[in-house]
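Residue numbers (numbering that gives the first Met the number 0), protein chains in the order written: chain A, 0 to 493; chain B, 0 to 500.
Think of the hints as simulated: they come from the structure by calculation, not from any bench.
Among the hints, a few may not be true.
Unchecked claim - Using 20 Å as the maximum straight-line C-alpha spacing, the simulated DMTMM-like pairs for lysine to aspartate or glutamate come out as follows: (1) B:K392 - A:E405; (2) A:K401 - B:E49; (3) B:K419 - A:E493; (4) A:K425 - B:E49; (5) B:K120 - B:D72; (6) B:K11 - B:E49; (7) B:K439 - A:E432; (8) B:K439 - A:E426; (9) A:K425 - B:E154; (10) A:K425 - B:E491; (11) B:K494 - A:D436; (12) B:K494 - A:D135; (13) B:K494 - A:E432; (14) A:K402 - B:E484; (15) A:K402 - B:E491; (16) B:K381 - A:E493; (17) A:K452 - B:D412; (18) A:K367 - A:E56; (19) A:K425 - B:D412; (20) A:K406 - B:E485; (21) A:K143 - A:E74; (22) A:K402 - B:E475; (23) A:K401 - B:E491; (24) B:K494 - A:E426; (25) A:K406 - B:E484; (26) A:K406 - B:E491; (27) A:K425 - B:E484; (28) A:K401 - B:E484; (29) B:K117 - B:E154; (30) A:K79 - A:D134.
Stated by the list, open to error - Pulled from the structure, derived: some chain B residues nowhere near chain A, Cβ distances all over 10 Å: (31) I12; (32) R13; (33) L391.
We treat Cβ as the ideally placed atom computed from N, Cα and C, and that holds for glycine.
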Amino acid sequence: MIECSLLFPQKRDFDQYLDERVISDLSVGTIAAALDFDEKIMSKYLLDFSASEAELEFLHELADDFICNEGLFHELIYKKSEFELIREKTNAASKDIHSMMSLREPTTDWGGNYTIVSIFHLVSEALKAYWRFFDDILPILGNKGFRSAGLDRLKNAFFDIVSGSGFDTLRAEISNYTSLTSLSASYSGVLNFNRSFHIEKITYETVGTVQRDFRNRFKRKKTIAVKMSDRAVNRVLFNHNKSFAVKLLEMAQYYQKILEDLYEDLQFYELYISLKSFYETNGIPVSLIKNLSAKSLSFNELSDLSLIADVVSKGKDVEKNVKSNSAEIKTKKVFISGMNQGGKTVFIRSVGIAVLLAKAGLPVPAAKFFCPDLNSLYTFFPIDDIVYEANSRFRNELAMMKKIVEKTPRNSLVLMNEPFISTTEKEAVALIENLLDFFNRHNTCVITVTHFKLLLSQIDESAQSFVASGYPSFSVSEESPYLLTGHDLLPFLE
Amino acid sequence: MINLLNPFNTAKIRQSENTVKCLRLFELCDEAATHGFRSILPIVKKELSELTTDLPTLKFRSEFAAELYNNRDVCEIIREVYTEIGEYLKLSEAYYAIDSRKYAETALNIFLTEKLLKIEKLLSVEGKSEGIRMLQQTFSLSEDEEFKQFQIEVEKHTASIDRFKSVEINVSPDVGMRKKIEITDSPETGGIESQVHSYLERLGVKQTEETGAPWFTMYSEFELAVLEALASKYDISTEYSSKFRSKCEPMLYAVHKGLSFYLFMQSIYEHWEGAGLSVCATEYNDHGSNSFQGLYDSILLKESPEVIIPNDFDFSGERGFVLSGANSSGKTSFLRAVGTAFSLSGCGCLIPAKSACVSPVNAIYTHFPQGETVNFGFGRLKTEIDILQGFLKNDPNNSLFLFNEIFSSTNGDDAYIYTKRLIAYLIRNNAYFILISHHKTIPPRLFADGETSQLAFLTTNVIDTKYAVRRVSSPENYENDSIIEEYGLSAEQLKTGGQEE
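Full structure from sequences and hints, please.
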């Protein structure tokens, strides 16, 4: 199999896949919907947290190449539907060949071979279509506009496939084979047979020879002679055809896999490009993260992508409805407080999504975004009560947290949104403090959105406090915890 | 027209989807639905999500349900009636599904006659409830003139059909299922049925599986052609009987629909009973007296009967209750139990309790905590408040509000202010409510305010190792059990957990 991937030429570490909760907590579905991109595929890219700096550099370089040669990129993408048609043909032929393989002999004297000839036709058509396909995309890949090392590797790999020695032989063989129209005319060469009718090789002339020979031996039984000769020749043809058909099919499937991989990888760049143009269309700054050596997480003008996606899908103005934030996370304990509906959740969600995007090698909606090389990201958002079984809400929260603690996250980021509101403040605060110490010992940063005054009033120098100001600025800035109360949100009760 | 579900044709109020979801009302049906009632689930779900405050309707429904539950002999009879009607309706549907068969129609008439007479006989039980009396009245047909006339017609046709036993079927030789069929009189042919069978056998047509139904329910084109030929030869007219049947069938459908609901619910009651739990009929009143003895949350049965703890609860005196207690002490279960009891009694069903006295409410509103990301651009609290505002758009008078962990997404002080205002509003507007708060300080602060004439406090604090909800004169303090330890998240466990950096 071709050793080249457009994502990264190395195998990925599947241990570094994030928990799928991250996707729902951070509302990735909204983003996928706004971009009209398959949520599952998008999640797959985002949950892969294994990227190294080298990989990010590779991805951004390749993406840049595609963006600079947008026309060529789209040519490649548009050809996908053509590839899918060929794939359908290959699959149909594969099905037929498999049912043919179960037959030991042709079903009727010539009928079996006629069937196989028609299957042949299918596979060879598919193969030819693949060749034409390669002929079409090789010039695109080989276009001088492309400069990245990744594409260069891919292009070379593809040239190797197409110019390989087996490739030409097979191509000649198949074009010879399928250019002949009738079965008896399909073969040429020498036919050798012994008394047990073992025929080693079939050629067209000797099909006639065999038949003549039989007829001579059984002069008085001419019909039988013809039948016997037909059967002998037919059986050999059948076996020959079977193995040839399988060979062709294997070749077609090999091409299929290569192109499937190519299009799967290209999807990543489709996402990359549509994200970038989504930012540009909506006036959002873009950051490309190639460097994971930042000491701490910091950002300028970072926006919440899922909020942007929601605003855009509702046809509202992004500039008016989405506010960006700047912050530097210097400590391992970060608290976000502020008035209700002030933008706390939006803040931590924006951080979560940005980290996901950065680690996936996708553009981040920020003017600047510096990210350390985190091992993992965990989210702990309140869950819907209705989904609970007989367990209490608090038990569910504990069970969720247990899952995180059991993984002993090191050098990671944990985002907690109003944790443990299902128990009393005193108990919740004690629990949160213990958890923060635990995570701190493992060099893991925790950003906690909370209303617990008891917790907020105990913040010392080892922690940072951010406050969401709410209407009209909705900005989140580093200041002493918000401890005010008394906003009237219930005017309808008057 | 008989209507066992809404006998007096009173208006019903549809419960909100959120209430049905929070109370997990439809989950009650799961167990019963697996016992062959799947097809009537939509009827049941519709009935369960409609409330009425009409006392005669509620009494009618509840008495009938109670009679079925308390007197299993009667219940068995009703089940049999239901099956008989079902069998007829099934056949009748099959009959309408085919095009032309006068012979079949006559057989259907015979079937209907038999079923009606059988049902009338079955219903000759001594029934106490109005429902049974209504059924008896509907099915007292033997003295009915129309029915008598119908019987005469049917007998007439049956006699013609008897002649079918001595006919011969001749099929034109060039075969095919659409061939012309001629009928001739012939005394020794063994009847049509056997001729059709043997003819089909010769053609290699396999018979459909044995259904126990008369042979004319096999709908091959050949059979239909035979029936057609028979009908035209013997000139069978079924005009009168068709009229009677088309009058009778809507009634049978209505009874069948009504009984399907009662019997479905009966299987739910029996499921509760089988787990050793009590089931009771509600005593209705219209003066706001609500009390329950041995009330339990039947959803917990999904887990195990052992986790169910019945509670006594009396609404009289106050309209509002603030419930507090330790984690996992059964607060949500209690809330759900109350909601379910009001819901079920609001549609005339039996309820999971030992005894109950209910004054039907106009509506039930439930507010259980919402997850994140439900409502973009609005905080969790705003979403919560929007829901609340939605509730209060309607007149809260005589409605029941169940709030679980309300305002938990804001700080304790704000939550207290909001809760206080909400309570005052509900009391002012004559609503009933139970409110669970996780902010430990809220109940004592509400109590300290002193405006508690319509407000009572409940706790789930443990007495005698049992979690039961009880009334307290002032909010009790409570400590949570160390369930944190169970999940390995106590201070000690976290200190030793994981490897130190």
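Evaluated hints:
1. Among the hinted pairs, K392 of chain B with E405 of chain A is inconsistent with the structure: their alpha-carbon atoms are about 47 Å apart, more than 20 Å.
2. A threshold of 20 Å between alpha carbons decides the hint, and for K401 of chain A with E49 of chain B the separation of about 42 Å lies outside it, so the pair is violated.
3. Note on K419 of chain B and E493 of chain A: the hinted pairing holds, with a Cα-Cα distance of about 12 Å set against a maximum of 20 Å.
4. For the suggested pair K425 of chain A and E49 of chain B, the alpha carbons sit about 42 Å apart, so the restraint of at most 20 Å is broken.
5. Restraint check for K120 of chain B and D72 of chain B: satisfied, since their Cα atoms lie roughly 14 Å apart, inside the 20 Å limit.
6. Simply put, K11 of chain B and E49 of chain B have alpha-carbon atoms about 6 Å apart, close enough for the 20 Å limit, and the pair holds.
7. Proposed proximity of K439 of chain B and E432 of chain A is supported: the alpha carbons are some 19 Å apart, at most 20 Å.
8. This hinted pair checks out: K439 of chain B and E426 of chain A have alpha carbons roughly 10 Å apart, not beyond 20 Å.
9. For the hint pairing K425 of chain A with E154 of chain B, the CA-to-CA distance comes to about 84 Å; that exceeds 20 Å, so the pair is violated.
10. Our distance criterion of 20 Å between C-alpha atoms is met by K425 of chain A and E491 of chain B, whose separation comes to about 17 Å.
11. In summary, the hint linking K494 of chain B to D436 of chain A is supported, as the alpha carbons are separated by about 8 Å, within the 20 Å threshold.
12. Restraint check for K494 of chain B and D135 of chain A: the C-alpha separation of about 63 Å exceeds 20 Å, so the hint is violated.
13. Taking the CA atoms of K494 of chain B and E432 of chain A, the gap is about 12 Å. The hint holds against a cut of 20 Å.
14. Between K402 of chain A and E484 of chain B the alpha-carbon distance is near 14 Å, which keeps this suggested pair within the 20 Å criterion.
15. About 17 Å separates the Cα atoms of K402 of chain A and E491 of chain B, which keeps this hinted pair within 20 Å; it holds.
16. Between K381 of chain B and E493 of chain A the alpha-carbon distance is near 18 Å, which keeps this suggested pair within the 20 Å criterion.
17. The hinted pair formed by K452 of chain A and D412 of chain B meets the criterion: a straight-line CA distance of about 9 Å does not exceed 20 Å.
18. Taking the CA atoms of K367 of chain A and E56 of chain A, the gap is about 17 Å. The hint holds against a cut of 20 Å.
19. For the proposed pair K425 of chain A and D412 of chain B, the alpha carbon gap of about 14 Å is at most 20 Å, so the pair holds.
20. Proximity of K406 of chain A to E485 of chain B is assessed by CA-CA distance (about 17 Å); at most 20 Å being required, the pair is judged to hold.
21. Restraint check for K143 of chain A and E74 of chain A: satisfied, since their Cα atoms lie roughly 15 Å apart, inside the 20 Å limit.
22. With a CA separation close to 34 Å, the supplied pair K402 of chain A and E475 of chain B exceeds the 20 Å bound.
23. A C-alpha spacing of about 14 Å is found between K401 of chain A and E491 of chain B, which places the hinted pair at or below 20 Å, so the restraint holds.
24. For the hint pairing K494 of chain B with E426 of chain A, the CA-to-CA distance comes to about 17 Å; that is within 20 Å, so the pair holds.
25. For the hint linking K406 of chain A to E484 of chain B, the alpha-carbon distance of about 17 Å falls within 20 Å, and the restraint holds.
26. Under the criterion of a C-alpha separation no larger than 20 Å, the hint pairing K406 of chain A with E491 of chain B is consistent with the structure, at around 17 Å.
27. Distance restraint check for K425 of chain A and E484 of chain B: the Cα-Cα separation of roughly 16 Å lies within the 20 Å cut-off, and the hinted pair is therefore satisfied.
28. Distance check on the hinted pair: K401 of chain A and E484 of chain B sit about 10 Å apart at the alpha-carbon level, within 20 Å; holds.
29. The suggested pairing of K117 of chain B with E154 of chain B holds, with an alpha-carbon distance near 17 Å, which does not exceed 20 Å.
30. Our distance criterion of 20 Å between C-alpha atoms is met by K79 of chain A and D134 of chain A, whose separation comes to about 14 Å.
31. With a least CB separation of 22 Å from chain A, I12 of chain B remains clear of the 10 Å interface cut-off, as annotated.
32. Every C-beta of chain A lies more than 10 Å from that of R13 of chain B, the closest at about 19 Å, which supports listing it as non-interface.
33. The claim that L391 of chain B is not at the interface with chain A is violated, since a C-beta of that chain comes within 10 Å of its own (minimum 6 Å).
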